[in-house]
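Peer 1: Using the sequences provided together with the hints, build the complete structure.
Protein chains in written order, with this note's numbering: chain B, 2 to 70; chain U, 2 to 70; chain D, 2 to 70; chain F, 2 to 70; chain A, 2 to 70; chain H, 2 to 70; chain G, 28 to 506.
Note that these hints are calculated values from the structure, not bench results.
Among the clues, some could well be false.
[As the list claims (entries may be wrong)] In silico lysine-lysine, DSBU-like type, Cα no more than 30 angstroms apart, as pairs: (1) F:Lys35 to A:Lys62; (2) G:Lys308 to G:Lys155; (3) H:Lys35 to G:Lys234; (4) D:Lys37 to U:Lys37; (5) U:Lys62 to B:Lys62; (6) H:Lys37 to G:Lys322; (7) A:Lys37 to G:Lys172; (8) U:Lys62 to B:Lys49; (9) G:Lys446 to A:Lys35; (10) B:Lys62 to H:Lys49; (11) D:Lys37 to F:Lys62; (12) B:Lys37 to U:Lys49; (13) G:Lys116 to G:Lys234; (14) A:Lys49 to F:Lys35; (15) H:Lys37 to H:Lys49; (16) A:Lys35 to A:Lys49; (17) H:Lys37 to B:Lys37; (18) G:Lys42 to G:Lys172; (19) B:Lys49 to H:Lys49; (20) G:Lys172 to G:Lys81; (21) H:Lys49 to G:Lys446; (22) F:Lys62 to D:Lys35; (23) A:Lys37 to G:Lys466; (24) G:Lys312 to H:Lys49.
From a predicted model like this one, the values you see are computed outputs, not experimental measurements.
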Amino acid sequence: MNQELTYEAAYTELQQIAEEIENETVSVDVLAEKVKRASVLIEFCQQKLRATEVEVNNIIKQMENKPGA
Amino acid sequence: MNQELTYEAAYTELQQIAEEIENETVSVDVLAEKVKRASVLIEFCQQKLRATEVEVNNIIKQMENKPGA
Amino acid sequence: MNQELTYEAAYTELQQIAEEIENETVSVDVLAEKVKRASVLIEFCQQKLRATEVEVNNIIKQMENKPGA
Amino acid sequence: MNQELTYEAAYTELQQIAEEIENETVSVDVLAEKVKRASVLIEFCQQKLRATEVEVNNIIKQMENKPGA
Amino acid sequence: MNQELTYEAAYTELQQIAEEIENETVSVDVLAEKVKRASVLIEFCQQKLRATEVEVNNIIKQMENKPGA
Amino acid sequence: MNQELTYEAAYTELQQIAEEIENETVSVDVLAEKVKRASVLIEFCQQKLRATEVEVNNIIKQMENKPGA
Amino acid sequence: MTAFETIKLSALTGKIQQALSNVFGEETFWVVADVTNHAFYAQKGYHYFDLVEKDTNSSAIVAKVAAVAWGNGSIRIREFEYVTGQQFKNDIHVLVKVSVNYHQVHGLQITLLDIDTSFTIGMLEQQKQQTLLRLLAECSDYIRKVGDRYVTRNNQLSLPAVIQKLAVITSGNSAGFQDFRHTLEHNRFAYAFQVDTYFTVVQGESKAELVQQRLIDVYNSGVAYDAVVIIRGGGAQTDFLLFDTFLLGRAVAKFPIPIITGIGHQKNETITDMMAHSPVKTPTKAAELIIAHNKAFEDGVSALQHTILIRAQQLFSSHYQALSQLNAAVINQTRTILQGQREMLHDYHNVVSHGSRSVLQHHQRELLTLSGAILARPRAVIAGKQNDLVNMTANIRSFNRLYMQNRRGQLAHYDTLFKLMSPVNILKRGFAIVYAGDKIINSALPVAAGSPITVRLHDASLEATVTAKTPHDESGTDI
Chain B
2 MNQELTYEAA YTELQQIAEE IENETVSVDV LAEKVKRASV LIEFCQQKLR ATEVEVNNII
62 KQMENKPGA
Chain U
2 MNQELTYEAA YTELQQIAEE IENETVSVDV LAEKVKRASV LIEFCQQKLR ATEVEVNNII
62 KQMENKPGA
Chain D
2 MNQELTYEAA YTELQQIAEE IENETVSVDV LAEKVKRASV LIEFCQQKLR ATEVEVNNII
62 KQMENKPGA
Chain F
2 MNQELTYEAA YTELQQIAEE IENETVSVDV LAEKVKRASV LIEFCQQKLR ATEVEVNNII
62 KQMENKPGA
Chain A
2 MNQELTYEAA YTELQQIAEE IENETVSVDV LAEKVKRASV LIEFCQQKLR ATEVEVNNII
62 KQMENKPGA
Chain H
2 MNQELTYEAA YTELQQIAEE IENETVSVDV LAEKVKRASV LIEFCQQKLR ATEVEVNNII
62 KQMENKPGA
Chain G
28 MTAFETIKLS ALTGKIQQAL SNVFGEETFW VVADVTNHAF YAQKGYHYFD LVEKDTNSSA
88 IVAKVAAVAW GNGSIRIREF EYVTGQQFKN DIHVLVKVSV NYHQVHGLQI TLLDIDTSFT
148 IGMLEQQKQQ TLLRLLAECS DYIRKVGDRY VTRNNQLSLP AVIQKLAVIT SGNSAGFQDF
208 RHTLEHNRFA YAFQVDTYFT VVQGESKAEL VQQRLIDVYN SGVAYDAVVI IRGGGAQTDF
268 LLFDTFLLGR AVAKFPIPII TGIGHQKNET ITDMMAHSPV KTPTKAAELI IAHNKAFEDG
328 VSALQHTILI RAQQLFSSHY QALSQLNAAV INQTRTILQG QREMLHDYHN VVSHGSRSVL
388 QHHQRELLTL SGAILARPRA VIAGKQNDLV NMTANIRSFN RLYMQNRRGQ LAHYDTLFKL
448 MSPVNILKRG FAIVYAGDKI INSALPVAAG SPITVRLHDA SLEATVTAKT PHDESGTDI
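Peer 2: Shown next, in the form of structure tokens:
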């Protein structure tokens with residue numbers, strides 16, 4: 002599933018989990034499970050962000066190295 | 002029965018018993034029985050809470066150790 | 002009969018006796034008998050109360066001895 | 002006959018005699034007899050009352066001696 | 002005949018005689034006789050009354066002397 | 002498409018990308034792609050501004066050979 | 028040989044000279060006239076020309092005089108040309124200040140001392156206004172006047188984002204064109220341009236048709252030019268009248284490619300400038316305008332680049348922050364939930380333990396109250412009953428006393444009654460009983476006079492005989 006997971010989808014799911022936990026609508030029975038999932042999603046998002054950042058920074062560096070800019 | 006008992010179910014039952022005792026609608030004849038049941042439910046819930054807490058703390062520790070967080 | 006007597010039933014009967022005596026609807030002929038019955042019921046209720054108290058206290062003590070409580 | 006006489010019956014009869022005397026519906030011929038009967042009934046009632054009192058007091062004393070009461 | 006005479010019978014006869022005399026249908030001869038008879042009856046009644054009073058007072062005195070009263 | 006790319010079209014597209022990024026309507030998932038495209042467009046404009054007609058054709062040819070464009 | 032007197036020609040011309048000098052002397056005149064047969068000797072700075080007056084209707088010459096300008100006059104003409112932009116030449120209408128001279132060799136001569144520039148400017152301005160009115164009248168499809176401005180098809184065109192492909196209409200290798208080209212090619216941004224030149228003679232009003240033809244050539248070339256630049260070749264200041272012509276004004280206004288003019292004049296802008304897209308003063312300024320235009324575009328691109336880079340980085344930081352906040356929220360709230368549940372369980376624990384004790388205590392109290400009620404009451408009941416019995420005894424005694432009294436009263440009543448009724452007591456009160464024979468009579472009816480009767484009194488009986496009988500009235504017997 003993670004192969005097809007997008008940042009948007011992961012973030013949306015994360016927000017839902019955060020909201021559920023915030024509103025205390027999550028049961029103790031599934032709390033650990035939800036927190037686990039949140040941790041997976043956060044890590045996924047962070048990795049995705051870092052990867053994107055690196056990619057974007059590379060593009061920016063290339064642009065800055067060109068004399069015309 | 003306890004194998005299938007959930008925290009939610011236990012908690013709800015506990016609430017009912019507590020309410021009965023608080024409102025003194027519980028008969029002396031079943032009081033001991035109710036208190037016994039409440040004690041079983043409280044212990045169950047506490048164990049479940051402790052287990053969840055340990056699990057959640059582990060996940061949180063992992064989350065906090067990640068530099069991106 | 003006492004084996005099957007419940008606190009509730011005993012208490013209800015006691016209330017009836019009290020009411021009869023109060024309203025003086027009880028005849029002198031059965032007064033002693035009623036008072037005797039009342040004394041039996043009161044003793045039964047007290048024993049039941051004491052027994053329940055001991056039982057409840059034991060359960061509570063057990064609960065309090067558990068570290069999680 | 003006195004063995005079967007109850008306080009209630011005795012008292013009722015006493016009331017009748019007193020009423021008869023009051024209303025002067027009793028003949029002089031039987032007045033002494035009636036008054037005699039009344040005296041018998043009063044004594045019966047008093048004995049009955051005393052007996053009941055003793056009995057009740059005993060029950061109460063027993064109950065009061067019990068520590069739980 | 003006097004042994005069997007009751008206060009009631011005597012009194013009733015007295016009443017009859019008084020009525021007859023009042024209506025004046027009785028001759029002087031008979032009148033004298035009637036008056037004679039009445040005097041006998043009155044005496045009888047008075048004696049009876051006195052006897053009964055003594056008897057009744059004795060009974061009542063006994064009743065009142067009893068400690069339970 | 003690139004053969005027909007004009008300064009105007011490039012500028013409009015750049016504006017759209019800038020606006021999307023500004024309004025945060027661009028997803029992280031496509032952010033790198035968008036920045037890449039922006040860099041291509043900017044390079045196109047800058048090179049074309051300084052190139053002769055012959056050179057312009059070369060620029061376009063180069064852009065067509067790049068997979069991202 | 029003839030005998031008449033002769034004089035030398037020089038004597039005659041001397042007399043003419045004298046006569047004219049006497050009449051005109053040093054007097055000068057402001058004369059309005061047209062110029063013809065103009066010739067200019069640049070080396071000497073001499074102008075030779077004729078001043079003529081034409082009949083306003085037939086254009087036939089009604090007056091003509093040869094004129095010359097040199098020295099100050101020539102200088103005034105040069106100033107005139109510079110100020111008006113009008114070349115001193117044939118067929119111009121001028122106001123000139125002249126003196127009249129006679130030269131013995133050259134004959135009658137008018138010398139131009141001064142030329143009135145404002146007269147000619149006024150003339151030219153009048154012509155220009157007429158041309159503009161004509162343009163508005165005849166070309167209303169693509170020329171309108173809005174306030175002081177002329178709105179034309181050409182100046183309503185928008186310049187492309189970048190101006191790179193240019194058609195330049197100019198006189199070949201004129202100084203202006205060189206300036207233009209140099210400025211373009213040596214721009215400090217290294218922008219590349221493609222410049223196609225369309226050479227023409229840009230001098231003299233009559234060349235307007237040529238310029239128009241070059242515009243048509245540009246159009247027909249099929250090249251997608253970004254702009255057309257019209258540059259005057261430079262040099263003399265007298266070439267402007269071409270740009271005030273109706274022909275060129277119309278062509279420029281109507282032209283479908285934006286036209287930039289760099290005509291290089293000092294005075295009011297020409298009609299061509301008014302009709303063009305972007306008029307500037309000089310060819311160099313035209314080149315600078317184009318470079319600035321492209322620079323603005325590149326600046327725009329750079330600004331967007333800057334925005335995109337900054338925003339992309341901000342986007343990352345805001346996403347990092349959002350993630351971090353979510354992470355913190357999940358962690359904190361999870362702990363809050365667990366803590367909350369722990370507290371709730373603790374509360375329930377308290378409720379159950381205290382509550383159950385309180386339930387028991389409550390029942391204990393109730394039981395005590397109830398048993399107290401049950402135990403206290405019987406004694407009162409018994410006491411009440413005892414009281415009842417005592418009352419009963421007392422009642423019986425008092426009832427008995429009343430009973431006896433009543434009985435005694437009854438008997439006493441009868442005793443009294445019978446004592447009163449006793450016959451003995453009646454006789455004692457003076458009454459008598461009358462017997463007729465054995466019978467007591469209570470009526471005189473059966474007793475006749477002379478009958479024997481017995482009268483009984485309480486102490487004796489009297490034997491008697493009736494002597495008379497008198498009946499009583501009813502009323503009289505009522506004692």
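Peer 1: Could you run down the list of hints and mark each one as holding or not?
Peer 2: We went through each hint and held it up to the structure:
1. Between Lys35 (chain F) and Lys62 (chain A), the direct Cα distance comes to roughly 15 angstroms. Compliance with the 30 angstroms bound is thereby established for this hinted pair.
2. Taken as a hint, the Lys308 (chain G) and Lys155 (chain G) pair is honoured in the structure, with Cα atoms around 19 angstroms apart against an allowance of 30 angstroms.
3. Note on Lys35 (chain H) and Lys234 (chain G): the hinted pairing is violated, with a Cα-Cα distance of about 56 angstroms set against a maximum of 30 angstroms.
4. Note on Lys37 (chain D) and Lys37 (chain U): the hinted pairing is violated, with a Cα-Cα distance of about 35 angstroms set against a maximum of 30 angstroms.
5. Simply put, Lys62 (chain U) and Lys62 (chain B) have alpha-carbon atoms about 36 angstroms apart, too far for the 30 angstroms limit, and the pair is violated.
6. At roughly 24 angstroms between alpha-carbon atoms, Lys37 (chain H) and Lys322 (chain G) fall within 30 angstroms of each other, so this suggested pair holds.
7. With a C-alpha separation of about 171 angstroms, the suggested pair Lys37 (chain A) and Lys172 (chain G) falls outside the 30 angstroms cut-off, and the hint is violated.
8. About 21 angstroms separates the Cα atoms of Lys62 (chain U) and Lys49 (chain B), which keeps this hinted pair within 30 angstroms; it holds.
9. This hinted pair checks out: Lys446 (chain G) and Lys35 (chain A) have alpha carbons roughly 11 angstroms apart, not beyond 30 angstroms.
10. A distance of roughly 21 angstroms separates the Cα atoms of Lys62 (chain B) and Lys49 (chain H); the hinted pair therefore holds under the 30 angstroms criterion.
11. The straight-line distance between the Cα atoms of Lys37 (chain D) and Lys62 (chain F) is roughly 12 angstroms, inside the 30 angstroms bound, and the hint therefore holds.
12. For the given pair, Lys37 (chain B) sits about 17 angstroms from Lys49 (chain U) by alpha-carbon distance, which is consistent with the 30 angstroms threshold.
13. A distance of roughly 16 angstroms separates the Cα atoms of Lys116 (chain G) and Lys234 (chain G); the hinted pair therefore holds under the 30 angstroms criterion.
14. This hinted pair checks out: Lys49 (chain A) and Lys35 (chain F) have alpha carbons roughly 16 angstroms apart, not beyond 30 angstroms.
15. Taking the CA atoms of Lys37 (chain H) and Lys49 (chain H), the gap is near 18 angstroms; set against the 30 angstroms cutoff, the hint holds.
16. At most 30 angstroms may separate the alpha-carbon atoms for a hinted pair to count; Lys35 (chain A) and Lys49 (chain A) meet this at roughly 21 angstroms.
17. With a CA separation close to 35 angstroms, the supplied pair Lys37 (chain H) and Lys37 (chain B) exceeds the 30 angstroms bound.
18. Between the alpha carbons of Lys42 (chain G) and Lys172 (chain G) the distance comes to roughly 64 angstroms, so the proposed pair goes past 30 angstroms and is violated.
19. At most 30 angstroms may separate the alpha-carbon atoms for a hinted pair to count; Lys49 (chain B) and Lys49 (chain H) exceed this at roughly 35 angstroms.
20. Taking the CA atoms of Lys172 (chain G) and Lys81 (chain G), the gap is about 37 angstroms. The hint is violated against a cut of 30 angstroms.
21. Restraint check for Lys49 (chain H) and Lys446 (chain G): the C-alpha separation of about 171 angstroms exceeds 30 angstroms, so the hint is violated.
22. For the given pair, Lys62 (chain F) sits about 16 angstroms from Lys35 (chain D) by alpha-carbon distance, which is consistent with the 30 angstroms threshold.
23. Between the alpha carbons of Lys37 (chain A) and Lys466 (chain G) the distance comes to roughly 21 angstroms, so the proposed pair stays at or under 30 angstroms and holds.
24. For the hint linking Lys312 (chain G) to Lys49 (chain H), the alpha-carbon distance of about 24 angstroms falls within 30 angstroms, and the restraint holds.
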